[in-house]
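Work out the full structure: start from the sequences and follow the hints.
Quick note: the sequence shown uses full-length UniProt numbering, first residue 1, plus one each step.
Misleading hints may appear alongside valid ones.
With beta-carbon atoms standing in for the labels, derived distance ranges [claimed, not checked]:
no., residue 1, residue 2, range
1, T32, R83, 28 to 36 Å
2, D113, F62, 16 to 24 Å
3, E208, N43, 38 to 46 Å
4, R193, N84, 14 to 22 Å
5, A81, E104, 33 to 41 Å
6, N192, P64, 21 to 29 Å
7, T205, R101, 20 to 28 Å
8, Q207, N43, 19 to 27 Å
Hints are computed from structural coordinates only; laboratory data are not their basis.
Model, not experiment: these values are computed from the prediction.
In this text, a Cβ means the ideal position worked out from N, Cα and C, and glycines have one as well.
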Amino acid sequence: ADSGDADVELPTARHQPEALEQLLARTKFTKTELQSLYRGFKNECPGGLVDEETFTLIYSRFFPQGDASSYAHFLFDAFDADRNGALCFQDFAVGLSVLLRGTEQQKLKWTFDLYDVNKDGYVTKEVTVGNTGGLVGWGRPGGDLPAPCVPQDMLEIMKSIYAMMGRCTEPAPGASAPAQHVELFFQKMDRNRDGVVTFEEFLATCQE
Numbered sequence: 001a002d003s004g005d006a007d008v009e010l011p012t013a014r015h016q017p018e019a020l021e022q023l024l025a026r027t028k029f030t031k032t033e034l035q036s037l038y039r040g041f042k043n044e045c046p047g048g049l050v051d052e053e054t055f056t057l058i059y060s061r062f063f064p065q066g067d068a069s070s071y072a073h074f075l076f077d078a079f080d081a082d083r084n085g086a087l088c089f090q091d092f093a094v095g096l097s098v099l100l101r102g103t104e105q106q107k108l109k110w111t112f113d114l115y116d117v118n119k120d121g122y123v124t125k126e127v128t129v130g131n132t133g134g135l136v137g138w139g140r141p142g143g144d145l146p147a148p149c150v151p152q153d154m155l156e157i158m159k160s161i162y163a164m165m166g167r168c169t170e171p172a173p174g175a176s177a178p179a180q181h182v183e184l185f186f187q188k189m190d191r192n193r194d195g196v197v198t199f200e201e202f203l204a205t206c207q208e
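As structure tokens, this is what we get:
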């Protein structure tokens, strides 16, 4: 192997990355691209693993005008495919490959998983009685009666996006803007009106 290969394959103090050949097979990056990505990753994370706090600090640099911490939390979960609370280089490389080089369906699946906050396979509308911004929707599937509610999975994501954009959003949105945005989106996605959005519904609507 040349020196570039060795650079990727050498173990670090805390975590040994996958061999270059394995990452070439699992991603759509070239050898040169992977080596470049790894050098940047190693500069930021010499130990080879990134916890959520470090990820948030790094990600927040790109959005100094707002608060990116909530969105960074959801993004971290999306990259942390094995749910072990830390990102290694292969987590980062595989996720980035999907976002940049994946098929349309792969990208949409990644996005759906980001919206599916509790990872139950559905984007749901939880029953939330109280301040719903005047929005009324379906209760839980199988529930006896509809109740005032907002889709919690997507609402939390949308709130985090508005917070992250901060002063970049002109005119400044009102407090109910995230809920209104999500309600319209959910109404379009929930094709059979059962109160949950499946990946199949999400995919079909996005591909229309």
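A quick look at each hint next to the structure:
Taking 28 to 36 Å as the suggested C-beta distance range, the pair T32 and R83 conforms, at roughly 31 Å. Our hint of 16 to 24 Å for D113 and F62 holds, since their Cβ atoms are close to 22 Å apart. About 43 Å separates the C-beta atoms of E208 and N43, a value consistent with the hinted range of 38 to 46 Å. Under the hint 14 to 22 Å, the C-beta atoms of R193 and N84, about 37 Å apart, miss the expected range.
In this structure the hint that A81 and E104 lie 33 to 41 Å apart at CB is violated, the actual value being about 20 Å. For the pair N192 and P64, the beta carbons lie near 42 Å from each other, so the given range of 21 to 29 Å is not met. For the hinted restraint 20 to 28 Å between T205 and R101, the CB-CB distance of approximately 24 Å keeps it satisfied. Hint check: Q207 to N43, Cβ distance near 39 Å, so the stated range 19 to 27 Å is violated.
Violated hints, in rising order: 4, 5, 6 and 8; the structure is consistent with all others.
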